[in-house]
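K.L.:
The residues making up each chain are set out below.
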Amino acid sequence: MRHLLLALLAALPAFASEPVTLRVGFFPNLTHAPALAARQLEREGKDWLAGHVPAGTKVEWFAYNAGPSAVEALFAGSIDASFIGPSPVLSAHVRTQGKGIRLLLPIAYGGNALVARPGFAPKGPADFKGRRVGTPQLGNTQDVDARAWLASGGLKVSLRGGDVHVLPMANPELVQLFAKGELDAVWTVEPWVSRLTSEFGGTVVHRKDDALITVLAASSKSLELSVRKEAVVGLARALLALRDRLEADPAEKLRLVRAGLAAELKSAPVAESLLRPALASILPAKPTSDAAARRARLAAQLDQSLRDARAAGILRSVHPVEPLLEDLVDDPAR
Amino acid sequence: MSRRLVAPLAFAALLLAGWEASVRAWLPGSPFVPTPTAILGWFWEALLDGSLLEATLVTLRRLSLGFLVGAGLGLLLGGLCARSRTVRDAIGWLALGLQTLPSVCWVPLAILWFGQREGAILFVTVMGTVWSVMLAVQESVLSVPPLYVRAAQTMGSRGWHLWSRILIPASLPGIVGGMKQGWAFAWRSLMAAEIFVVILSGYGLGTMLHDGRELLRMEQVVGVMAVVILVGLLADLALFGPVERWLRRTRGLGGG
Numbered sequence: 012m013r014h015l016l017l018a019l020l021a022a023l024p025a026f027a028s029e030p031v032t033l034r035v036g037f038f039p040n041l042t043h044a045p046a047l048a049a050r051q052l053e054r055e056g057k058d059w060l061a062g063h064v065p066a067g068t069k070v071e072w073f074a075y076n077a078g079p080s081a082v083e084a085l086f087a088g089s090i091d092a093s094f095i096g097p098s099p100v101l102s103a104h105v106r107t108q109g110k111g112i113r114l115l116l117p118i119a120y121g122g123n124a125l126v127a128r129p130g131f132a133p134k135g136p137a138d139f140k141g142r143r144v145g146t147p148q149l150g151n152t153q154d155v156d157a158r159a160w161l162a163s164g165g166l167k168v169s170l171r172g173g174d175v176h177v178l179p180m181a182n183p184e185l186v187q188l189f190a191k192g193e194l195d196a197v198w199t200v201e202p203w204v205s206r207l208t209s210e211f212g213g214t215v216v217h218r219k220d221d222a223l224i225t226v227l228a229a230s231s232k233s234l235e236l237s238v239r240k241e242a243v244v245g246l247a248r249a250l251l252a253l254r255d256r257l258e259a260d261p262a263e264k265l266r267l268v269r270a271g272l273a274a275e276l277k278s279a280p281v282a283e284s285l286l287r288p289a290l291a292s293i294l295p296a297k298p299t300s301d302a303a304a305r306r307a308r309l310a311a312q313l314d315q316s317l318r319d320a321r322a323a324g325i326l327r328s329v330h331p332v333e334p335l336l337e338d339l340v341d342d343p344a345r
Numbered sequence: 071m072s073r074r075l076v077a078p079l080a081f082a083a084l085l086l087a088g089w090e091a092s093v094r095a096w097l098p099g100s101p102f103v104p105t106p107t108a109i110l111g112w113f114w115e116a117l118l119d120g121s122l123l124e125a126t127l128v129t130l131r132r133l134s135l136g137f138l139v140g141a142g143l144g145l146l147l148g149g150l151c152a153r154s155r156t157v158r159d160a161i162g163w164l165a166l167g168l169q170t171l172p173s174v175c176w177v178p179l180a181i182l183w184f185g186q187r188e189g190a191i192l193f194v195t196v197m198g199t200v201w202s203v204m205l206a207v208q209e210s211v212l213s214v215p216p217l218y219v220r221a222a223q224t225m226g227s228r229g230w231h232l233w234s235r236i237l238i239p240a241s242l243p244g245i246v247g248g249m250k251q252g253w254a255f256a257w258r259s260l261m262a263a264e265i266f267v268v269i270l271s272g273y274g275l276g277t278m279l280h281d282g283r284e285l286l287r288m289e290q291v292v293g294v295m296a297v298v299i300l301v302g303l304l305a306d307l308a309l310f311g312p313v314e315r316w317l318r319r320t321r322g323l324g325g326g
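First to last, the protein sequences are chains F and E. For what it's worth, our numbering labels the leading residue of the first sequence as 12, then goes sequentially. For what it's worth, our numbering labels the leading residue of the second sequence as 71, then goes sequentially.
Just so you know, the hints here were simulated from the structure itself, not pulled from any lab data. Think of the CB as a built atom: it goes at the ideal place given N, C-alpha and C, for glycine as much as any other residue. Hints are not guaranteed to be accurate.
Unchecked claim - So these bits of chain E aren't anywhere near chain F, every CB distance computed over 10 Å: (1) Ala83; (2) Ala87; (3) Phe102; (4) Gln169; (5) Pro243; (6) Val268; (7) Leu270; (8) Met278; (9) Leu285; (10) Leu286; (11) Arg287; (12) Leu300; (13) Leu309.
What the hints assert, rightly or not - Once the Cα atoms are required to be at most 20 Å apart in a straight line, the calculated EDC-like pairs of lysine to aspartate or glutamate come out as: (14) Lys140(F) x Glu193(F); (15) Lys57(F) x Asp338(F); (16) Lys167(F) x Glu314(E); (17) Lys250(E) x Glu188(E); (18) Lys277(F) x Glu193(F); (19) Lys232(F) x Glu29(F); (20) Lys167(F) x Glu184(F); (21) Lys167(F) x Asp195(F); (22) Lys167(F) x Asp119(E); (23) Lys191(F) x Glu188(E); (24) Lys232(F) x Asp314(F); (25) Lys167(F) x Glu115(E).
As the list claims (entries may be wrong) - To be clear about the criterion: a stretch of chain F counts as covered by chain E if any three or more of its residues have a C-beta under 8 Å from a C-beta of chain E, and this derived list gives those stretches: (26) 105 to 115; (27) 214 to 224.
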C-alpha cells in the first residue's frame, strides 16, 4: 500500500509537467493578422513557438466572428486566451468585477473605418439621423465606437432604436445588406472595409487610426496554474518575436497573412493590391522600454473605451481598469 | 381555490430563496448565473424604460399575425383534405413532411426571399403553424363517425349545411386541439426566428434575449425567458382555456 502511494507521489510531478495544450481564439480578419500569420506558419510546418514556451506546448486555434462570442468561450473555459478587441474585454472585466479576464498584450491599432454606401455622403455624425448603421457584433469594439461617435453628433442612440439604428450582424451579412442598400453605412474592420470600398463603391467617412483594436487576453482561470500561465505568457512572447520578424520583412508578412486569410475563409486569396493598403492601415503595437508609460497609456485608452461603452448603454456599471493589466507582458525594445 | 394556491406559491418561494442563497454563497458575481434579485432588477429597469413592453408588443403582433394566417390556411387546407381524397393524396404527404421540418430551417430562404424584414418572420411563423393545424383539422374531420354524416345526408344535409351543423361541431375538440398545437408551434418558430435573424424593423423579445447573450447579461436572458413563459401561459389561459371549458360544458363533461 505504502509503495503504491509513494509511486503515485513520484508520478505527480510527471503529471504536472505534462505538455500544455493552449486553446486560443482569433477572428479571421486582418486586425488579427499575427494569428493568421502564426496559423499559416504552422500549416507550413514551421515552429514559431520554439524557445518561448515550455517544450511540447501545443496551440489549438478557434475562430470566432467577434468579441462577445470569444468572451463567452473564455468564460466557459473552451479557450485559454484570445485575440480580441478591447471593448468585449472591458465588458467581461466589468461583468466579473475585475476577476475574470486579464489583458496580456496590446496587439494592433487602427484598421477599422466607417464606410458609407454609394449615394450617401454624410459630413458628420449628425447626418445619420434616421439611417441604419451596421456593426460586426453588439458590444464589440466597432459597435461601441460607432455608438459613441454617433452620440457625439447629438444623436440619441439606444440598443433598440433612437435617432439612428445601429444593427449588429456578422461581417458577411454586413456586406450583403450594404450591397443591397439596406444599410446606409457599416463600421467594421479590414479586410471588410477594403471590400466595401473597392467592390461595392463605399466611401470611408470616418477612421479611428489611433484606436486600440486588438489585444491578447486570457481568462484568469488559465493564469491560475503556474504551468499553464508559463505557456500563456510564452505564447505572448512568441507573438512579440513573430511581430518583430514580420515587421522586418513586409513581403513575408503579406505572403503569410494573405495565404492565412484565404485558408481561414476557404476562399481564393485576396488580391495583393487590395491587401497591401488594408494591412498597412493596421499598426502593430510598438516595443518600448518605458513599461510604466506603456501601462499608463493603455490604462487611459481602456478607461476611455469603458466610459464610451457606459454612455452607449452597453455597460451598466464601470470597474477600475488597473486589475485588467496585472499580467501585462513587457515588450522591451530590442 | 386559495388553499390550492398555497402549495405552488410556497414551493416557488422556497425555490427562489434557495437559488438566491446558493448563488450568493458559491458563485457571487458570476456572469453565468444571475440571482432572482438581479433578474427582478432587470425587470424593473426594462419596465420603466418601456423596452420590455415595446418588445413584447412587437413579438405579440408578429405572433398573432403569423398564427392567424397560418391557422387560417391550415383550416382551409385541412378541410379540403378531409373531404377530398384527391387533395389528400396530392398534398397530404407534403404536409406530413413539412410538419417534421423545424421551421427555423426556413430562415435562410426567408431572408433571401423577403429580406431581413417582417415578411421573413411572418413566413417562418406561418410555416411553423400551417402544417400542424392542417393535419389536426384533417384528422379530426376524418374521425367524425361516418354514421353522423350518413344520417345527416339522408335527411338532405349538403355542402355548407353539412359542414356547419355536423362536421365542424363534431370535430371541434380536435380542431381546437390542433389550433392550440399550432399556437405553440407558432410561438416556437417566432422565437427561433427572432433569435437567429437580425430584423431591420422592430425589436422583439427574441432579439432582446439575443442581446442579453451578446452583452453577457444573463439576468436579461433569464428575464426574457420568464416573459416568454408568461406570455405562453397567459395565451393558454385567456385564449384556449375558455374555449375548452365551453367545449366540455356543451358536451356534458362538466367544469373539469
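K.L.:
All hints, please: hold or fail.
P.N.:
The hints, checked one at a time:
With a minimum CB-CB distance of about 28 Å to chain F, Ala83(E) clears the 10 Å threshold, and the non-interface call stands. Its beta-carbon lying about 24 Å from the closest one in chain F, Ala87(E) satisfies the requirement of being farther than 10 Å from that chain. Not every C-beta of chain F lies more than 10 Å from that of Phe102(E), the closest at about 7 Å, which undercuts listing it as non-interface. Distance to chain F confirms Gln169(E) as a non-interface residue, since its nearest Cβ pair spans about 29 Å, more than 10 Å.
For Pro243(E), the requirement that its beta carbon stay farther than 10 Å from each beta carbon of chain F is met, with the minimum near 42 Å. Val268(E), annotated as away from the interface, has a beta carbon of chain F within 10 Å; the closest lies near 4 Å. A cut-off of 10 Å between C-beta atoms contradicts the statement that Leu270(E) is not in contact with chain F; the least separation is 6 Å. Against the 10 Å criterion, Met278(E) falls within the reach of chain F, whose nearest CB is about 8 Å from its own CB.
Distance check on Leu285(E): its Cβ comes as close as 5 Å (rounded) to a Cβ of chain F, failing to clear the 10 Å threshold; non-interface status is violated. Chain F draws Leu286(E) into its interface by the beta-carbon criterion, the shortest separation being 5 Å against a cut-off of 10 Å. Residue placement check: Arg287(E) does not keep its beta carbon more than 10 Å from all beta carbons of chain F (closest about 8 Å). Listed as a non-interface residue, Leu300(E) keeps its Cβ farther than 10 Å from every Cβ of chain F; the least gap is roughly 20 Å.
At roughly 27 Å from the closest C-beta of chain F, the C-beta of Leu309(E) stays outside 10 Å, upholding its exclusion from the interface. Only pairs whose Cα atoms come within 20 Å are accepted, and Lys140(F) paired with Glu193(F) is accepted, the gap being roughly 15 Å. Between Lys57(F) and Asp338(F), the direct Cα distance comes to roughly 28 Å. Violation of the 20 Å bound is thereby established for this hinted pair. Pair hint Lys167(F) plus Glu314(E) does not hold up; C-alpha atoms about 48 Å apart against a cutoff of 20 Å.
Among the hinted pairs, Lys250(E) with Glu188(E) is inconsistent with the structure: their alpha-carbon atoms are about 23 Å apart, more than 20 Å. Only pairs whose Cα atoms come within 20 Å are accepted, and Lys277(F) paired with Glu193(F) is rejected, the gap being roughly 27 Å. Between the alpha carbons of Lys232(F) and Glu29(F) the distance comes to roughly 18 Å, so the proposed pair stays at or under 20 Å and holds. Restraint check for Lys167(F) and Glu184(F): not satisfied, since their Cα atoms lie roughly 25 Å apart, outside the 20 Å limit.
For the hint pairing Lys167(F) with Asp195(F), the CA-to-CA distance comes to about 17 Å; that is within 20 Å, so the pair holds. For the hint linking Lys167(F) to Asp119(E), the alpha-carbon distance of about 14 Å falls within 20 Å, and the restraint holds. For the hint linking Lys191(F) to Glu188(E), the alpha-carbon distance of about 17 Å falls within 20 Å, and the restraint holds. For the hint linking Lys232(F) to Asp314(F), the alpha-carbon distance of about 24 Å lies beyond 20 Å, and the restraint is violated.
For the hint pairing Lys167(F) with Glu115(E), the CA-to-CA distance comes to about 19 Å; that is within 20 Å, so the pair holds. Residues of the stretch 105 to 115 of chain F lying with their CB closer than 8 Å to a CB of chain E number 5, which satisfies the three-residue condition for coverage. Only when three residues or more bring their CB closer than 8 Å to a CB of chain E does the claim for the stretch 214 to 224 of chain F stand; here the count is 0, and the claim is violated.
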